[in-house]
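> Residues per chain are reported as follows:
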Amino acid sequence: MSSDNTENLGSGPDLTYQAHLNKKELFLPKCLVCNEFHFYPRVVCPHCGSFDLEWQALSGRGEVYSTTVIRRKPERGGNYNVCLVTLKEGPRMMSRIDGIPAEDVKIGDKVTASIINNDGECHVIFSPSQEA
Amino acid sequence: MAHDLRGSSAVVGVGLAGCGEAHGKLPLDILAEATHNALDDAGLKLSDVDGIFTGSSYHFMPGLSTAEYLGIKPRFTDTTMVGGSSFVAHTLNAAMALKTGLCDVALVCYGSNQRTAGGKLATMSEQQIYEVPYKPRYPISSYALAAARHMHEYGTTREQMADVAVAARQWAKLNPSAFARDDLSREDVLNSRMISDPLSLLDCCLVTDGGGAVIMVPSERAKDFPNKPIYLLGTGTAQWHRQITQMPDLTTTAALDSGKRAFAMAGLTKDDVDVVELYDAFTINTILFLEDLGFCAKGEGGAFVADGNIAPGGGLPVNTNGGGLSCVHPGMYGIFILIEAIQQLRGDCGERQIADSEVALVNGNGGVLSSQVTSILGTEAVL
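So the sequence lines, in the order shown, correspond to chains B and D.
Per numbering that gives the first Met the number 0, the first sequence starts with residue 0, numbered consecutively.
Per numbering that gives the first Met the number 0, the second sequence starts with residue 0, numbered consecutively.
One should not assume that every hint holds.
Stated by the list, open to error - Here are some chain D residues pointing at chain B (derived, C-beta under 8 Å): (1) Arg136; (2) Ser140; (3) Ala143; (4) Asp182; (5) Ile194; (6) Leu200.
I should point out that these hints are in silico values taken from the structure, not numbers from a laboratory.
Cβ atoms here follow ideal geometry from the backbone N, Cα and C, with glycine treated the same way.
Please construct the entire structure, taking both the sequences and the accompanying hints into account.
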């Protein structure tokens, strides 16, 4: 690679995404051609092929698209939820719903994102929306 | 006009080995034994093989490892890796290589010791970094999410999914080589331990050892061998995602496209199909693929599989060896559906034989409903 890329070291989409999470912000690349957000963050819009992207904030509002309870023995931590959430702005991500029992998460539930720090790594999780 | 590849190559030998438990054997030992059986079946020697098509969860460069182990120096090697569907995809690549003279005898082969090596799914897969923090279980949670969504949108029930497992077991009971042949009822499936809702233990495929091999040659030579040749009429591939978060619609798989492509190449429709072999890693797979391949409308797969319709004596024979659910599933299953289809068309299936089978459809699945590869095979009657 040419030395022109030196200034870009450390600014790839995953690092940018994580840097926003570290500031408790949910940002994703939005395509300036087709106006669609995408997840996971890439250097190219998977909807239209454009490389003309801009990082923008999301509302954090979403809806449970599908959900599963992973069964685990109580002594190993008990059952937990894994779900797919479709964000209001369009992208879908894997996450979990906190604040209610894993078994009570239902497809179509309105949820709101929060960002948690798990041993120094920030992740997006969701909880039931208050107004829902 | 017929596609250039339609019927241009034929299967002249198949072999299985180590299905169930192959104590003390390594993956390539099992692959080599299956190859030996396929070559015997075709009346060929290892030195006749000049094209290798293989995939592996154990060998980073499986074409090199396989050819080295077998002691052959292939002119053409293809290790297309689309998970469990790879071996069905290899039929298309083999047909292309045979048609263009890049090789004369193609060996599609696989072997795994997953069960006796401890039962853990061998994988060289990279971590899915945007999924792993939430601790999904691979691959079951991805299929569970698809099943939950199908139930939500179409009212599909656990009972209907259980009927997929029951039908598979009824076929397995007619197959002396199947691994699981005990009685199985809908209630047994429903009452088995829940793993990742809505999928319970008996919604999941077996973990076995096993290997399979298929020998293909150009059709012009197909009658030079002892067996009734089975012609490759069409193969279609399709892929829409890698990880489940990226699957556009969890109730529709890329088999929608792979099926259309395979039927178009074959110049046939679903009404021509006598026997169907689908990659049933989980009970929901069978339902999704029957819908996406056009055997029933979207959303009606649950009703279609219920009450024995895909079991022996039902309306459509599906997974006649017992499937991944009850016959064999050593990590990747694609080669085994291919072999069962060929054996059905040859009329070699004994008690489970579907009478007068001329056309078989095979649908391989790879990743987490990610890669779909459909092949249509037929006898000389439909060439």
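> Does each hint hold? Answer for all of them.
We went through each hint and held it up to the structure:
| no. | hint | verdict |
| --- | --- | --- |
| 1 | Arg136 | holds (6 Å) |
| 2 | Ser140 | holds (5 Å) |
| 3 | Ala143 | holds (4 Å) |
| 4 | Asp182 | violated (25 Å) |
| 5 | Ile194 | holds (6 Å) |
| 6 | Leu200 | violated (10 Å) |
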